[in-house]
Amino acid sequence: MASRDVVHYNTPLQRVLSVLSVVFVIFYLIWTLLPFVIMFVSSFKDLLEAFKLPAVGDWAGIGVFFEFTPTLKHYQTLFAENNFSRYMLNSLIAAGGSAVISVIFGSLAAYSLSRVDFRGKSDLFFWIISTRMAPVVAVMVPLFAIFRSLDLVGTLPGLILAYTTFNLPFAIWILKGFFDNVPYGIEEAQMVDGATRFQAFRSILPLVAPGIGAFIVLCILFAWNDFLFAAIIGSGGAKTLPVATRELVQPQNIQWGAIMAAGVVTTAPMMLLGLVIRKYLVTGLTMGAVKE
Amino acid sequence: MTETLTGIDMSVRAPEDRFRARKVSTEVEARPLSAALPPPGRLNPAARKAYYFYLMAPAIALLAFISLYPFFWLIVMAFQKGDMGAVEWVGFKNFIDLASDDRFLSGWVLLFRYSAMCLFLQVSIGVLLAVVVNGSRYERFLVTALLMPMMMAPAVAGLLWLFLYNGTFGWYHWIFHSLGLLGSGSILSSAKTAMYAIVLVDVWQWTPLITLIALAGLKRVPRDQIEANMVDGASPFRNFFAIVLPNLYPVLLIAVLLRFMDNFRFIDHILVLTGGGPANATKILPVYLFEVAFKFFDLGRGAAIALVLLVVTIILGKILVGVFDRPTAGGR
Amino acid sequence: MATVTIRNVWKYYGQTPAVKDLNVTCPDGSFVSILGPSGCGKSSTMRMIAGLEHISAGDILFDNQRINDLAPKDRDVAMVFENYALYPHKTVFENIANPLRLRGTADATIKERVTGAARLLEIAHLLERRPHELSGGQKQRVAIGRAIVREPKLFLFDEPIAHLDAKLRAHMRGEIKHLQRNLGTTMIYVTHDQLEALSMADFIAVMHDGELQQWGTPSEIFNKPVNAWVAGFVGEPAMNFLTCDLKRRGDDVVLSHHNFDIPLLPGQVRQLNGAAQAGIARMGVRPDAMTVSMTKPSEAAIQGEIFVNELLGGDMLVEVQLADSRIRVKTTPEFEGKPGEICYLTVNRDKWHVFDAGDGHAYF
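Each protein sequence line maps, in turn, to chains V, A and R. Residue 1 is where the first sequence starts when you use my numbering, and the numbers rise one by one after that. Residue 1 is where the second sequence starts when you use my numbering, and the numbers rise one by one after that. Residue 1 is where the third sequence starts when you use my numbering, and the numbers rise one by one after that.
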């Protein structure tokens, strides 16, 4: 047994450092969270109130930020006039569809890749992972040409397929790491007991199920937050939330209140999901290279 | 391959079949031992492999359709000009043109300058933050707060910051102005400062990722090495540089490469904030590619740029995978 | 070199006490082993001495100087860790040189001292290698080299050879003991292996559940355990325990069990000090303090049935089934009894023990 952390002995230097680090953390927290606060509060402000600023250099005047009467009219605008419920549904279908496809196909492939060795496996693997890492714009050039010839541009199936280009390799790559951690001995024991290979595979699924669940969520997150694919491939018939939000910026009239409200609507669900799968986030966001 | 299937089928029809097999072997006692072994499909290595290839096949086929096939298309397109039916073969002209394309060349320069600034700030702030947060009583809360920006769609983040940077009512503009960092013009309106604006947004969104990675790395620094060094006579400072940092390099390398590749990948916030302007000051290569391909619909030239960009990414990816596979990375 | 005094030391992790009111004095130049099972507080004790854990209450003194608030670097101790804790990115030379470098020793001196230490430990040919190129035994020597390269007041060894294979462990026991004798530096050596403690230490502190059970020389610990727990923990094969009745029979006190009635020696009766002369007690006898035979040697012999024989190379261990339990006795491989046969055990009463049935303390 040992203390959780390496012990420190109190020296004057240590004390100075700990004060400095507290200050640093507080500044960083403000810097990180302030944009959210402004977005959230502004979404409930009338435009004139949202535009109120203290005079330049008047630090004491920051209080004007809180001088407003809350209004829900921006949210009403979004859903009543701008059809946001439709876009939300599009986002959900596109993100969810590609996530489910990716994880189902991906887990089968990941399982096999984890259990079998063959020549060229590392090349196959590299191809899979580089598909995921390729610049979105570069991928989109040929994809756009192909989808256009197949009449997939502007449709939800097209968008689902487009999202699968990054979610499927992601799922294979990450889930293989999961299956690698399940000892082959479990399946061997199952097969000795009389299970078929496929039954053996099913028997280890519960072991990786939490991970698979988390990665469905991560796939949804990546797809939900996408802008480029949605703007080009989904343009027209399959408008998603980020694109619809962007379209509130019009040359003559930027509807800032509605944009802030749309930001809240787009971001809040993902934040909640992010918290739910917090344990897997670092693994997911680093392509499995770093585990918490 | 059919062998596998029979192998599976045999065992699916489990009880009666097995029973029958046993009966046969007792009747014919003189049979060689091998006859008592399980049917070939079960243990035969080739058949075992084939089974796994079946499971793999759907994913590989789908991936081939959405990645390999487009890649060949991209190569074809790079040697063509025109669009939709009216294409003509132009050989290497698209590539040759790139060599004299100022936007293409400055796109690379800007991309690297942008990445360098982002990475420098993210790594230095991120690691410092990780060191401070590590072991703090409020670690869980702080980490949760840090996660927030990463959950936001980059395009939405761009729009939010467009609001914050606004020259007449943006709060961040007011802060910069009040601090004397900026004149009355918006940070986005000047070619001198626009690059910093997009860097700041990237730093805001993604520094936490570096922090989380560094934090995971810090947790894995062998504690007994730190303690051995303390007993050997090291101060906490020396300990950090002699033990902690060297142990952190592998994960940091991964973090830097990941972020570097993401700088190629994600341009959403730039498209929203500046669209590459003002005066092309933020037109990093992927943004320029977006413009060529999807604003001017010059798909041939776009394909050529995309191909070059892909080759560079593949090289970076090769390096990254090499780092992944190093045992010290502690990854897979 | 230093005398280490641990005075009323407590260690708490949250609400859980790991070390309870520990009092120990390690004489200057002695080899002291802290012995106990995992979780007994022995490592916490060592880490408090090293300065790697805060001391919750009490004092630790080096030569009468209180060191509670000194950082490890100011305590002038050297430590060998269970997992060696070598710096993977440094060569063997730099690993050993590290404590000297941190003290700003001149390069020439460092070279001399490191090669000296390496020669002593027979690893001079490995100096340019890195830890991952070394075997377990070599890593362990490097870790010891790092400890002896500067002359500290005190050596702290935390299960340093627990991860070596059995043969190497036996070899290193001798080497470490020899090294400590030659250097004459006070050594505190934590282990869970009673054989290591018995064979190496001048003094042993036996700990259990955070409490010091017994302090003494190896022979005191082995021959005069203060309680049943120490008696059971030390010695391999372990001591046999039987619950018996103490009965007065004329002038004698008899230890009575379903299978036997054996009178105590007169001196032992006195040690029972009246109060405990009747009632339940636990008899303890080591497997080598008994003999086994197939014919009944005397009336005081214990009759039982052979359960199983285990041949341990030079010895034979016979497990004998009594009415309510089994006990083990050591004999020679020539022993001819077969499982299921009746045999007779004779106890060497000079070497048996009787423990209180309640708190387990030893009467003798």
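Some hints here could point you the wrong way.
[What the hints assert, rightly or not] Every beta carbon over 10 Å from chain V, so not counted as near; a handful from chain R, in silico:
| # | residue |
| --- | --- |
| 1 | L52 |
| 2 | E53 |
| 3 | D69 |
| 4 | L70 |
| 5 | H89 |
| 6 | D107 |
| 7 | H125 |
| 8 | L127 |
| 9 | P218 |
| 10 | R249 |
| 11 | D359 |
[As the list claims (entries may be wrong)] Below 20 Å or equal to it, Euclidean Cα-Cα: the simulated EDC-like pairs (lysine to aspartate or glutamate) are:
| # | chain 1 | residue 1 | chain 2 | residue 2 |
| --- | --- | --- | --- | --- |
| 12 | V | K291 | A | E139 |
| 13 | A | K81 | A | D101 |
| 14 | A | K49 | V | E188 |
[Claimed, not checked] Partial list, derived from the structure: chain R residues whose beta carbon lies under 7 Å from chain A:
| # | residue |
| --- | --- |
| 15 | A50 |
| 16 | P72 |
| 17 | M79 |
| 18 | F81 |
| 19 | N83 |
| 20 | A85 |
| 21 | N98 |
| 22 | P99 |
| 23 | L102 |
| 24 | R169 |
| 25 | R173 |
Because the hints were derived from the structure by calculation, they are not lab data. A quick note: this is a predicted structure, and the numbers were derived from the prediction, not measured. C-beta atoms are modelled at their ideal positions from N, C-alpha and C, and glycine is treated no differently.
Quiz prompt | Structure versus earlier hints, numbers of those that do not hold, lowest first | solution = Failing hints, ascending: 1, 2, 3, 4, 24, 25.
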